[in-house]
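Engineer: Protein chains in written order, with our numbering: chain A, 231 to 401; chain B, 312 to 431.
Hint data in this document are derived by calculation from the structure and do not stem from the laboratory.
Below 30 Å or equal to it, Euclidean Cα-Cα: the simulated DSSO-like pairs (lysine-lysine) are: (1) K406(B) / K366(A); (2) K387(B) / K315(B); (3) K387(B) / K366(A); (4) K417(B) / K405(B); (5) K271(A) / K406(B); (6) K271(A) / K405(B); (7) K292(A) / K406(B).
Remember, predicted model here, so these are calculated numbers, not experimental data.
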Amino acid sequence: MSPAITQLSVTFIPLDFVTEWARCGQTADYLARFLACDFQKRDVVANVFSSVINELVENATKFSADKNAAVTVSVCQFEDCVSIATCNSATLVQAESFRELVGVIMRGDAETLFAERIATPPQIGGAGIGLIVLRKDYGARLEVRLDPGVGGDPLSLHTTVTLTHREVEQL
Amino acid sequence: VMSKHAEYSVLCRDAEERVVLRGVLRLHSPAAFEELFAPISTRIERGETLHLDLSEVSFMNSSGIRALAMLVLQAKERGARLRLTGSTGIPWQKKTLHSLSAISPKLEIDIATGPSLDSK
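Construct the entire structure; sequences and hints are all you get.
Structural biologist: Below you can see the structure in the form of structure tokens.
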């Protein structure tokens with residue numbers, strides 16, 4: 231991948247966002263505007279980025295194992311794509327089931343998965359449908375990485391979504 | 312019944328088929344959406360024909376999409392006619408609403424050509 235043209239990271243405490251839920255959307259809107267400023271259809275693209283970033287910020291907020299441990303959300307603009315990444319604390323069980331879910335989404339047909347799962351109880355608290363929508367509607371590539379915690383600390387769960395400019399500009 | 316919030320509103324009047332949703336629908340959980348959509352759900356339960364106008368909903372998170380799907384499934388079970396309308400001008404509507412027909416083939420979905428966000 232070519233070097234990033236521009237990037238921005240924001241750190242927040244999930245407990246704060248749980249208390250003031252609108253901050254998830256406000257953060258998503260801000261980062262989306264930052265990413266969209268070089269696009270011709272700036273408002274449409276910002277709307278798409280905001281939907282994607284909000285989904286990741288909401289997930290990181292809800293599923294942080296330690297609600298007082300900082301969450302980082304980073305956006306990066308590359309020549310032909312953007313990446314949006316979150317890093318939050320997670321238990322091993324949560325992280326493994328999340329990684330498995332992402333694997334299923336990336337290997338399966340997103341339309342079929344959506345139809346199957348929208349009518350069934352949420353996977354790990356509801357993350358399933360949001361991630362499937364990112365894949366189905368925005369052609370997102372999803373990746374998960376786990377870093378071990380120190381001592382008895384929770385793991386660090388890194389989730390990265392990549393969207394190509396071509397896909398975003400067609401919306 | 313009017314639910315009004317700084318970021319969104321739901322206007323659901325008895326005897327009117329059209330229910331108008333507006334704004335940013337990013338509530339924190341499916342349960343919060345269940346509460347917001349309760350007046351709609353009550354009418355579907357009675358078998359009423361409803362038209363949910365989503366064309367002014369600029370954002371809906373995945374909890375909202377799931378809650379919307381629950382209304383679609385409820386209408387299917389009750390045999391109630393349900394129509395969803397949206398706008399091509401709002402990216403999530405163009406993409407996501409059509410996918411709901413997979414869970415209820417009788418669901419009516421009408422995505423009208425609307426102005427792009429960049430032309431407003």
